[in-house]
Amino acid sequence: DVRSPIDPSEMSSRPDDFKRFKFELRDEIVPELIPEEFLSDAAREDLAKEMIQRYTEKDALELTFRILERMGKRGLLEKVKSRCLHIRAEEAQ
Numbered sequence: 001d002v003r004s005p006i007d008p009s010e011m012s013s014r015p016d017d018f019k020r021f022k023f024e025l026r027d028e029i030v031p032e033l034i035p036e037e038f039l040s041d042a043a044r045e046d047l048a049k050e051m052i053q054r055y056t057e058k059d060a061l062e063l064t065f066r067i068l069e070r071m072g073k074r075g076l077l078e079k080v081k082s083r084c085l086h087i088r089a090e091e092a093q
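Read left to right, the sequence shown gives residues 1 to 93 (UniProt numbering).
Hints should not be assumed to be uniformly reliable.
Claimed, not checked - For lysine-lysine, the following DSSO-like pairs were computed, each having C-alpha atoms within a straight-line distance of at most 30 Å:
{"#": "1", "residue 1": "Lys81", "residue 2": "Lys19"}
{"#": "2", "residue 1": "Lys19", "residue 2": "Lys79"}
{"#": "3", "residue 1": "Lys73", "residue 2": "Lys22"}
{"#": "4", "residue 1": "Lys58", "residue 2": "Lys81"}
{"#": "5", "residue 1": "Lys73", "residue 2": "Lys49"}
{"#": "6", "residue 1": "Lys22", "residue 2": "Lys58"}
{"#": "7", "residue 1": "Lys81", "residue 2": "Lys22"}
{"#": "8", "residue 1": "Lys49", "residue 2": "Lys79"}
{"#": "9", "residue 1": "Lys73", "residue 2": "Lys58"}
{"#": "10", "residue 1": "Lys19", "residue 2": "Lys58"}
{"#": "11", "residue 1": "Lys58", "residue 2": "Lys79"}
{"#": "12", "residue 1": "Lys73", "residue 2": "Lys19"}
{"#": "13", "residue 1": "Lys22", "residue 2": "Lys79"}
{"#": "14", "residue 1": "Lys49", "residue 2": "Lys81"}
{"#": "15", "residue 1": "Lys49", "residue 2": "Lys22"}
{"#": "16", "residue 1": "Lys49", "residue 2": "Lys19"}
Stated by the list, open to error - Here are the computed distance ranges between Cβ atoms for each label pair:
{"#": "17", "residue 1": "Thr56", "residue 2": "Asp16", "range": "26 to 32 Å"}
{"#": "18", "residue 1": "Pro35", "residue 2": "Ser82", "range": "29 to 35 Å"}
{"#": "19", "residue 1": "Phe65", "residue 2": "Glu36", "range": "21 to 27 Å"}
{"#": "20", "residue 1": "Phe38", "residue 2": "Lys58", "range": "28 to 34 Å"}
{"#": "21", "residue 1": "Lys79", "residue 2": "Glu36", "range": "26 to 32 Å"}
{"#": "22", "residue 1": "Leu85", "residue 2": "Ser40", "range": "20 to 26 Å"}
{"#": "23", "residue 1": "Phe38", "residue 2": "Gly75", "range": "26 to 32 Å"}
{"#": "24", "residue 1": "Lys58", "residue 2": "Glu24", "range": "29 to 35 Å"}
{"#": "25", "residue 1": "Phe38", "residue 2": "Arg66", "range": "16 to 22 Å"}
{"#": "26", "residue 1": "Arg83", "residue 2": "Asp17", "range": "15 to 21 Å"}
{"#": "27", "residue 1": "Glu69", "residue 2": "Pro35", "range": "30 to 36 Å"}
{"#": "28", "residue 1": "Ser82", "residue 2": "Asp41", "range": "16 to 22 Å"}
{"#": "29", "residue 1": "Lys19", "residue 2": "Leu85", "range": "15 to 21 Å"}
Hints were generated in silico from the structure; no laboratory data involved.
Beta carbons are placed, not taken as given, at the ideal position from N, Cα and C, and that holds for glycine.
Please construct the entire structure, taking both the sequences and the accompanying hints into account.
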């Protein structure tokens, strides 16, 4: 079972923000693209799980950070980063 440190409900209660996140994700250069058919219908939780399965937890987070930065969601970006300190600690070991 894949568990995401990203709380998808925090992404935004506004559907337009989640649509924009998915749009921005399409423009990212990644080793394996998430199929358009999946992205168009994906719920927040499903997208978070799919990103972790395809890119690893660390890479999914870095990708999320870049997209939130581009979207100007600095408050949410900082909240997600602080929640994910355990991943950075594991990398340092």
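The hints, checked one at a time:
About 21 Å separates the Cα atoms of Lys81 and Lys19, which keeps this hinted pair within 30 Å; it holds. Between the alpha carbons of Lys19 and Lys79 the distance comes to roughly 20 Å, so the proposed pair stays at or under 30 Å and holds. Straight-line distance between C-alpha atoms of Lys73 and Lys22 comes to about 14 Å, which keeps the hinted pair within the 30 Å bound. For a cut-off of 30 Å, the pair hint linking Lys58 to Lys81 stands: about 11 Å separates their Cα positions.
Restraint check for Lys73 and Lys49: the C-alpha separation of about 21 Å stays at or below 30 Å, so the hint holds. Our distance criterion of 30 Å between C-alpha atoms is met by Lys22 and Lys58, whose separation comes to about 19 Å. Restraint check for Lys81 and Lys22: the C-alpha separation of about 19 Å stays at or below 30 Å, so the hint holds. Between Lys49 and Lys79 the alpha-carbon distance is near 19 Å, which keeps this suggested pair within the 30 Å criterion.
Only pairs whose Cα atoms come within 30 Å are accepted, and Lys73 paired with Lys58 is accepted, the gap being roughly 19 Å. Between Lys19 and Lys58, the direct Cα distance comes to roughly 23 Å. Compliance with the 30 Å bound is thereby established for this hinted pair. Proximity of Lys58 to Lys79 is assessed by CA-CA distance (about 16 Å); at most 30 Å being required, the pair is judged to hold. Restraint check: the Cα-Cα separation between Lys73 and Lys19 comes to about 14 Å, which is no more than 30 Å; the hinted pair holds.
Among the hinted pairs, Lys22 with Lys79 is consistent with the structure: their alpha-carbon atoms are about 20 Å apart, no more than 30 Å. Taken as a hint, the Lys49 and Lys81 pair is honoured in the structure, with Cα atoms around 18 Å apart against an allowance of 30 Å. Pair hint Lys49 plus Lys22 holds up; C-alpha atoms about 14 Å apart against a cutoff of 30 Å. The hinted pair formed by Lys49 and Lys19 meets the criterion: a straight-line CA distance of about 17 Å does not exceed 30 Å.
At roughly 29 Å, the beta carbons of Thr56 and Asp16 sit within the given window of 26 to 32 Å. At about 32 Å, the CB distance of Pro35 to Ser82 agrees with the hint of 29 to 35 Å. Checked against the given bound of 21 to 27 Å, the beta carbons of Phe65 and Glu36, roughly 23 Å apart, stay inside it. Checking the proposed 28 to 34 Å range against Phe38 and Lys58 shows it is violated: the Cβ atoms sit about 21 Å from each other.
Hint check: Lys79 to Glu36, Cβ distance near 29 Å, so the stated range 26 to 32 Å holds. Roughly 33 Å separates the CB atoms of Leu85 and Ser40, a value that falls outside the hinted 20 to 26 Å. Checked against the given bound of 26 to 32 Å, the beta carbons of Phe38 and Gly75, roughly 28 Å apart, stay inside it. As the Cβ distance of Lys58 to Glu24 is approximately 19 Å, the hint placing it in 29 to 35 Å is violated.
Checked against the hint of 16 to 22 Å, the pair Phe38 and Arg66 passes, with Cβ atoms roughly 20 Å apart. Roughly 18 Å separates the CB atoms of Arg83 and Asp17, a value that falls within the hinted 15 to 21 Å. In this structure the hint that Glu69 and Pro35 lie 30 to 36 Å apart at CB is violated, the actual value being about 25 Å. Look at Ser82 against Asp41: about 31 Å separates their beta carbons, and that is not inside 16 to 22 Å.
Against the hinted window of 15 to 21 Å, the Cβ-Cβ separation of Lys19 and Leu85 comes to about 29 Å, which falls outside the hint.
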